[in-house]
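Student: Here is how the chains run, residue by residue.
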Amino acid sequence: MKWGRLFAFLLMVAAIIGVTAGTVPQVWKSIPLGLDLRGGVDLLYAVDTPKGQSLSDSGRQALLKAVEMRVNSLGVSSPSIDLEGKNQLGQDQIRVQVAGVKNQQEAVQVIGATAQLAIYGDATIDKKTGKITPVGAPLATGADLKSNAKWVVDQQDGKNAVAIEFKQAQKWIDITKKYVGKPIFVFLNGQLLTDPVIQQVMYSGSSEISGGSLTTPQACMALANELNAGALPYPLTLESETSVGPSLGQTSLQRTMVAGLIAIIIIFAFMICVYRLAGLIADIALIAYGYLTLLVFSGLHVVLTLSGLAALVLGVGIAVDANIITYERIKDEMRNGRSLRSAVRIGNKNALRTIVDSNATTFIAGAVMYIFGGQGDVRGFAVALMVGIIVSLLTAVLLSRLMLLTFTASGAVRRPWWYGVGKGVLKRHETQV
Amino acid sequence: MKPRFNIVRLSKWFFMLSGAITIAGIIVFALFGFNLSTDFKAGSRIQFQLNQQVPDARVRQMFQSVGLTIGDTGLTVGGIERNVAIVTLPEQLSAKQIAAIQSAEHKFFPSAKQDIQVNSVDPFVAQQTARKAIWAVLAAAVCIVVYVAIRFEFRFAIAGIIALLHDAFIVLAAFALLRREVDLTFVAALLTIVGYSINDTIVIFDRIRENVKIHKPEDIDALREVVNKSLWQTMTRSINTVFTVLVAAVILYFFGGVSIRNFTFALIIGLISGAYSSIFIASPIWVAWRGRSMRKHKAVANEASVQ
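Quick mapping for you: the protein sequence lines, in order, are chains A and B.
With our numbering, letter number 286 in the first sequence gets 286, and the count goes up by one each step, no holes.
With our numbering, letter number 142 in the second sequence gets 142, and the count goes up by one each step, no holes.
A portion of the hints provided could be inaccurate.
Derived SDA-like pairs: lysine to any residue, alpha-carbon spacing no greater than 25 Å straight-line [claimed, not checked]: (1) B:Lys213 to A:Asp332; (2) B:Lys2 to A:Ser339; (3) A:Lys86 to B:Ala139; (4) B:Lys12 to B:Glu218; (5) B:Lys41 to A:Glu84; (6) B:Lys216 to A:Asn350; (7) B:Lys132 to A:Val302; (8) A:Lys159 to A:Thr215; (9) B:Lys2 to A:Trp418; (10) A:Lys349 to B:Gln233; (11) B:Lys132 to A:Leu83; (12) A:Lys171 to A:Val197; (13) B:Lys132 to A:Pro32; (14) B:Lys2 to A:Leu340; (15) B:Lys213 to B:Ser11; (16) A:Lys86 to B:Lys132; (17) A:Lys86 to B:Leu138; (18) A:Lys167 to A:Asp154; (19) B:Lys213 to A:Arg345.
Facing chain A, a subset of chain B residues (Cβ under 7 Å, in silico) [stated by the list, open to error]: (20) Glu91; (21) Lys132; (22) Ala133; (23) Ala139; (24) Ala140; (25) Cys143; (26) Thr192; (27) Trp232; (28) Thr236; (29) Arg237; (30) Asn240; (31) Thr241; (32) Thr244; (33) Ala248; (34) Ile251; (35) Leu252.
Away from chain B, derived, C-beta distances all over 12 Å, residues of chain A [said to hold, decoys possible]: (36) Trp151; (37) Ile173; (38) Ser210; (39) Met221; (40) Ser339.
I should point out that these hints are in silico values taken from the structure, not numbers from a laboratory.
Just so it is clear, the structure is predicted and the values come from calculations on it, not from any experiment.
Quick reminder that beta carbons are idealized off the backbone N, C-alpha and C, glycines included.
Build out the structure end to end from the sequences listed, making use of the hints.
Tutor: Below is the structure:
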């Protein structure tokens, strides 16, 4: 017996089981669950571009960024925001999916509220109601502002203020030139927000808004947020709002997990019954498969959906299949009268071609589904399938082969029975030997 | 495994079996269509919050009392405290019905925190996903044909794709025949089946390719023999592999959540069909096709020898 080889083998086993048992809860927690597993809202908006104009590249970027900021303010994990094809009216559509939203109404409001910022040169007050309405066309709108308004303390007078910045400095220069010494009126959704007096021409394209109700840092931050939210380049109209109930509710998710665990235990027991020690090695490689797949999901920030879960189960099947193909090959080789060690070597070699061809075909299917599947379920499945195939090639082929070769080389267990070789084969084998 | 019977010789029976299921499925589909879930149909969604965990049976009773029946997957429970009931119904509700549900809520759950909210449901999302899935599968099929044609040969590619479509079709037929509900999770199941089917088929094709290379069969009988031998050689692997994946699917069916029953059911049918079609459909198709071209060669050869 070669103790060094046996030690190397045991070290591999200990490392795999140790690392998996030690870190799998953290890894699992770091994987975001998708809309269908956690429930959430699916919102479809149409982009109201001005008549005759289509969405420009920069406009698209700005829009996606603005929506993302709004969604992020909800404090949910991994929202999905995608530009979809055009609707019947030829408008671009934007789809927002947020999983695990606690307050659906709030989500709709925050994302969908078309906070329209407009700066006017004049306004009138209705004496009776005290309502202030703008006069004339706006000098500038939210579309002209960068979405980086923030709370600042004015360096000269130490007052709280909100810093804003124009995308095109010239626009602000022109406005301030015209209105020096006069007030301008900033409206948000038709409500007067503030009416600062322009004190000087501002050549930098940036400015500060202060006075009025903006006395505390909180008020300034709130306005900055509103301004940033208001700087949506185009108004959005809500086209459809689908609340997705979790198809696996929390209790049902737990039950499914338990069921999955039972299934895995049965598969493990089956592999050990049929292939004995070799089966045990396959099981350990399978643990590594599961762990690595979760790690990749966590690392790539892949959102786990039901279809993704299905692909992972398929991945387990593919990984088990790779081991079964290899072991059956090894048995074939032993039937042909090879010694254990040479059967393991040749069997692995012959099985590899089969495994690579079948997995390459499935991988191609996955890659094509990724390209043609668009966003959402199909793509989630394709990603999980491709990850599953690559990881199963690494573990069920490379790792399991390395472990089996090391173990047989150690000579700790020589009887072919321990590798799942049947009695009939054995007898012939022994008489031949 | 030792050959128990000649699979290739009996292939016409297997073709007939698959054909019969498919035709029955098409007839039922043509007459009744699929039993589509609310995912795919316009309908209504009713949401309300209780001050307790949602009691499944009582909510169903409440809707029953106003003459509305909630389907198997029509009731989901949300909220951190599991106190939000979300009911989807396939019908558009009238103002009268909404009022009736409202008063039923007051009667059944007097301490409910919230009045009911009724939204109409747009099947747009599900329809679009299903459409994308179909395109994705068809595009995948084309690329698989190209790859297998290069690595193996064109006939293998077509036989493999026929088996793949066969499996997808059998599952669709089974759902149409058994009036099982087709929901959005069905799409995921179908994709999984397609992935499994092609993987399983290629493993067997690989063995056939290898044996054909070794034995070089010269007439159709020899070819049949080689294929039959290959099928039985890979039989242990076929059975062991399908057993492991089926175990997972069956256990998930019985012990997993009720809401994914349709999904796991589709998976079970598809996995059985996938394993079956690789052995009993794909390989015999290849033999028949390859044998035909062989016969032609032979006929040409015979003619040549006569002349």
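Student: If a hint holds in the structure, say so; if it doesn't, say that too.
Tutor: Against the structure, the hints:
no.: 1; hint: B:Lys213 to A:Asp332; result: holds (18 Å)
no.: 2; hint: B:Lys2 to A:Ser339; result: holds (22 Å)
no.: 3; hint: A:Lys86 to B:Ala139; result: holds (23 Å)
no.: 4; hint: B:Lys12 to B:Glu218; result: holds (22 Å)
no.: 5; hint: B:Lys41 to A:Glu84; result: holds (21 Å)
no.: 6; hint: B:Lys216 to A:Asn350; result: holds (19 Å)
no.: 7; hint: B:Lys132 to A:Val302; result: holds (20 Å)
no.: 8; hint: A:Lys159 to A:Thr215; result: holds (7 Å)
no.: 9; hint: B:Lys2 to A:Trp418; result: holds (22 Å)
no.: 10; hint: A:Lys349 to B:Gln233; result: holds (18 Å)
no.: 11; hint: B:Lys132 to A:Leu83; result: holds (16 Å)
no.: 12; hint: A:Lys171 to A:Val197; result: holds (17 Å)
no.: 13; hint: B:Lys132 to A:Pro32; result: holds (24 Å)
no.: 14; hint: B:Lys2 to A:Leu340; result: holds (22 Å)
no.: 15; hint: B:Lys213 to B:Ser11; result: holds (23 Å)
no.: 16; hint: A:Lys86 to B:Lys132; result: holds (16 Å)
no.: 17; hint: A:Lys86 to B:Leu138; result: holds (24 Å)
no.: 18; hint: A:Lys167 to A:Asp154; result: holds (22 Å)
no.: 19; hint: B:Lys213 to A:Arg345; result: holds (22 Å)
no.: 20; hint: Glu91; result: violated (17 Å)
no.: 21; hint: Lys132; result: holds (5 Å)
no.: 22; hint: Ala133; result: holds (5 Å)
no.: 23; hint: Ala139; result: holds (4 Å)
no.: 24; hint: Ala140; result: holds (4 Å)
no.: 25; hint: Cys143; result: holds (5 Å)
no.: 26; hint: Thr192; result: holds (5 Å)
no.: 27; hint: Trp232; result: violated (12 Å)
no.: 28; hint: Thr236; result: holds (6 Å)
no.: 29; hint: Arg237; result: holds (5 Å)
no.: 30; hint: Asn240; result: holds (5 Å)
no.: 31; hint: Thr241; result: holds (4 Å)
no.: 32; hint: Thr244; result: holds (5 Å)
no.: 33; hint: Ala248; result: holds (4 Å)
no.: 34; hint: Ile251; result: holds (4 Å)
no.: 35; hint: Leu252; result: holds (5 Å)
no.: 36; hint: Trp151; result: holds (32 Å)
no.: 37; hint: Ile173; result: holds (46 Å)
no.: 38; hint: Ser210; result: holds (41 Å)
no.: 39; hint: Met221; result: holds (28 Å)
no.: 40; hint: Ser339; result: holds (21 Å)
Hints 20 and 27 from the earlier list are contradicted by this structure; the remaining hints agree with it.
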